[in-house]
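Chains as they are written, first to last, in the working numbering: chain A, 285 to 903; chain B, 4 to 312.
For the record, the hints were derived by calculation from the structure and aren't laboratory data.
These numbers come from a predicted model, not from an experiment.
All residues carry an ideal CB built from backbone N, CA and C; glycine is no exception.
Keep in mind that a hint or two might mislead.
Reference excerpt, derived from the structure (chain B facing chain A, CB under 7 Å, subset only) [claimed, not checked]:
1. T75
2. Y270
3. P312
Straight-line Cα separation of at most 30 Å, BS3-like style, residue types lysine-lysine; simulated pairs [said to hold, decoys possible]:
4. B/K207 - A/K887
5. A/K605 - A/K687
6. A/K843 - B/K144
7. B/K138 - B/K219
8. A/K883 - B/K207
Take a look, some chain B residues computed to stay more than 12 Å from chain A by CB distance [to be verified]:
9. L142
10. R190
11. E202
12. A263
13. P285
14. P311
The residues making up each chain are set out below.
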Amino acid sequence: MLLPFIKSPKIDNIIYFLSFIIIILAFSGIISYISITITLIFALILLLSIFFHIRNIYINQWIINIISLFFMFYSFLGFSIEDIVLPSVEALTLISAIRFWGKKTWREYFQIYLLAMLLLGASALFSISWLFLVRLVFIFVLTVFSILLITYVKETSQSFIEKRNFLEILTYSILISTLSIPLSIFFFLFLPRTPYPLFDIGLAKSKTGFSSTVNLGTVSSIEEDRTVVMRVSMNKISEEQLYWRMITFDTFNGRQWIKNKHLDFNTFITGEKIRYTIILEPSYENYLPVLDFPATVYLKGISIEYPGIFKTDSSIERQLKYNAESYMNFTLYEVEPSKIYLQIPKIISEKFKALTDEITNHSKDEREIIEKILNFLSNYEYSLKILPKGDNPVEDFIFNTKKGNCEYFATSMALMLRLKGIPSRVVGGFRGGSYNNFGGYYIVRASDAHLWVEAWIKGQWIRFDPSGSRPIRVSEPVIFNFFDYLWNHIVINYDFKAQLKLAKALKQPDIKFNKNFLIILLFLLFLFLIFIGLKFYNKKKEPLNRFLNILKKAGIERKNNLGLEEFVMNIDNHLLREKSLRFVEIYYKIYFKDEKLKKSDLKNLNKILGEIDEIVKST
Amino acid sequence: MIEKVKNQKILNIVNHLQSCLHGKEKAIILSLISIFSKGHILIEDLPGLGKTSLAIALSRALALSFGRIQCTNDLLPTDITGLSIYNKNTGEFDFKPGPIFNNIVLVDEINRATPKTQSALLEAMAEEQVTVDGKTYRLPKPFFVIATQNPIEFYGTFPLPEGQLDRFMLKISIGYPGQDAEREILRRGSSREDLYTLESIIDKDEIIKIQDEIRKIYISDKIINWILDFIESTRIDNRILLGLSTRAGLAITYTSKTNAYFRDRDYVVPEDVKDIIPYVTPHRIILKDDSLSKEEVILSILEKISTPP
């Protein structure tokens with residue numbers, strides 16, 4: 285059934301095909317955000333449209349409009365104050381698809397292209413990935429190409445196109461698109477930008493990051509999420525050191541970890557400092573991930589909540605770039621940790637306590653207790669599925685399912701340590717990350733979210749990772765991530781501040797010579813433009829051009845091969861001919877005697893032109 | 004064509020000639036253009052359409068001497084140039100000038116003369132001098148040849164080669180007179196008698212003066228460039244075997260100037276050139292395909308180049 289459609293080389297089909305690709309390209313940007321129902325309807329409409337196209341069936345315009353209205357209505361049934369964007373985008377998607385049903389005149393196609401552009405714009409509301417640029421380029425080139433083809437059809441009224449013409453038009457469309465690049469760059473560099481997304485409302489909030497509480501079993505949904513949480517521009521360090529600290533929990537109530545202790549600690553750290561830059565994606569939380577153990581974060585409007593825990597004043601709703609310093613191979617001292625690190629929820633049963641004692645039996649010191657607990661937990665299976673829930677998930681994990689993720693491992697270990705009188709806490713953040721050798725940065729994804737344990741032994745807090753044995757990804761599509769990094773680094777983060785920086789850089793005195801040079805250049809350019817403008821203006825004002833223009837208005841146009849006199853002699857209107865002849869006579873005399881146009885001549889000529897104009901207007 | 008002639012002197016001459024040459028207005032004007040451009044004219048036409056009358060009338064009206072050469076295939080060069088005859092009394096050779104020693108020379112049926120005679124004539128036309136027995140005689144001034152040839156008589160003719168046709172500034176045909184003019188001719192009878200009694204309206208010095216004035220007429224580089232474009236186009240046109248020569252270009256400028264003078268202007272405008280080109284150029288080109296009309300080809304080329312300004 286598809287065969288006749290593909291085989292036929294009609295321009296109509298080419299344009300239809302191009303429009304199809306354009307809309308699909310635009311749609312690809314939002315497909316992962318809209319509901320599956322809408323996607324299905326969209327696909328169905330497009331498939332039907334192919335059928336209609338082959339069979340030359342056109343749906344009436346008013347039916348399409350009614351269906352469009354229905355789609356809008358349908359989508360807005362799911363409308364809520366928090367989320368007005370998604371229904372709108374869904375409605376837009378369907379409306380753009382239904383356009384394919386109508387009789388395809390150039391108007392229809394232009395509507396489709398406009399809708400495709402809107403869809404593309406809408407996709408930027410959901411994600412600011414570099415793929416946006418790729419889509420934009422393709423849609424732009426294809427749209428220009430398609431519009432040129434439509435124009436070609438309109439002008440030549442041919443329904444087939446030769447390969448040569450086809451290629452020529454394609455070349456032109458690429459050329460036009462390329463020519464628009466400098467202009468876009470200009471706009472990009474100099475147009476004012478808002479530091480926040482324009483439609484910063486109602487977007488589905490990202491689940492990455494940690495809130496001030498962690499319910500057991502919640503991180504699992506994150507762990508399969510491959511969204512990039514942050515990129516860290518730094519030198520490669522060893523795998524064991526890649527712990528990104530975000531939040532510290534001190535209290536466990538049986539089901540969730542919460543954080544109670546505030547700024548009354550008494551710690552100090554030693555270690556070697558390293559400095560790096562983090563580009564954090566919007567997390568809609570307040571905590572900043574920093575490499576363990578954090579020393580300083582260079583960012584305004586942040587506070588230290590806990591030792592090594594940095595918090596912003598407002599939730600992070602746009603990409604954030606900050607420099608930070610951390611201690612490598614650190615030692616974290618605390619003289620006398622708070623009693624809170626020994627808290628045990630009442631829900632913990634005697635069975636659990638007995639098990640702990642059993643495991644740690646005959647231990648000489650804390651070190652050995654920890655060894656034994658770690659050893660015990662290493663027999664448990666790491667899993668993201670079928671996680672223990674219920675009233676007492678930890679004991680469920682230890683005694684029944686024996687499967688769990690980092691939350692269960694960390695919680696179990698912390699509780700066992702506390703039962704044995706070793707102060708301990710659970711730290712939330714990310715572990716690992718894949719290093720991009722091209723760009724020299726780490727990518728940390730939502731799936732890298734992690735919880736680990738810190739235990740206080742002999743005045744030091746030491747990190748233990750009971751679930752540490754789980755494999756860390758090694759292979760990453762390096763080159764695309766690199767594009768992603770560049771896109772974010774150069775384009776997305778380029779904001780008003782960067783513009784100011786650029787402006788300041790231009791004013792710096794050490795490029796004074798360049799500045800003068802630039803001024804001279806600009807001045808020359810200015811003069812040149814004035815010169816061109818004047819020339820153009822004069823040319824237009826030149827009596828002959830005025831004369832020809834006036835006659836043109838009267839529908840009398842000169843062919844190039846005709847002498848002026850010949851041309852004028854052909855004018856039917858007697859009066860007009862006489863006046864025109866008079867003009868030509870005077871003009872010829874000046875022009876062909878190679879004389880300069882004197883003011884009096886100009887006046888004379890303009891007078892005649894005025895009269896000719898009168899005649900033309902009166903007829 | 005007459006409506007464009009604005010110069011009063013010329014207008015007088017034309018009107019004067021028209022009184023006895025009915026319906027030959029165009030031929031008269033073109034002949035005058037040729038005379039004042041110091042060029043010669045070739046009239047290709049059927050017999051009995053008044054070629055001779057035109058020549059006689061011109062000579063009378065312009066107060067010029069008139070000579071006539073009727074070409075046949077036994078015509079010798081000396082029959083044109085004249086020859087030296089031994090004078091018994093003086094014991095010397097006296098030069099007896101031939102009919103070419105006149106201001107206006109009518110060479111009738113030039114294509115009947117042998118090539119040898121033709122070249123002698125054409126050489127005289129080009130050099131404005133005649134060499135007989137090693138002595139050079141200058142031809143009178145102004146000197147103007149009206150040659151005629153018969154287009155349909157091919158038997159016993161020696162067609163002029165293009166190189167020699169190039170020496171004629173204009174090639175025209177008189178054509179049949181209009182019905183009114185023809186009726187007038189029939190009513191009055193042949194007016195050859197009248198022709199010989201036609202009074203002169205201008206004298207030799209005046210003609211030379213006008214000729215000099217015409218040479219001074221201003222021609223802008225804009226026009227010259229345009230003419231050059233035109234000539235170049237004829238050379239590269241694929242219908243044409245032999246394009247226009249530089250001499251052709253010169254002929255165009257000379258006749259254009261004369262045309263401008265006739266129109267009472269002291270500068271050349273494109274129309275002056277365009278109007279004269281169909282008479283100056285067609286006989287100077289050779290087409291690859293004889294079935295085409297030379298004039299049509301020239302006009303089509305002219306249509307392709309844009310006219311200044």
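For each hint, the structure was consulted:
no.: 1; hint: T75; verdict: violated (45 Å)
no.: 2; hint: Y270; verdict: holds (5 Å)
no.: 3; hint: P312; verdict: holds (5 Å)
no.: 4; hint: B/K207 - A/K887; verdict: violated (44 Å)
no.: 5; hint: A/K605 - A/K687; verdict: violated (38 Å)
no.: 6; hint: A/K843 - B/K144; verdict: violated (44 Å)
no.: 7; hint: B/K138 - B/K219; verdict: violated (34 Å)
no.: 8; hint: A/K883 - B/K207; verdict: violated (43 Å)
no.: 9; hint: L142; verdict: holds (35 Å)
no.: 10; hint: R190; verdict: holds (35 Å)
no.: 11; hint: E202; verdict: holds (35 Å)
no.: 12; hint: A263; verdict: violated (9 Å)
no.: 13; hint: P285; verdict: holds (18 Å)
no.: 14; hint: P311; verdict: violated (8 Å)
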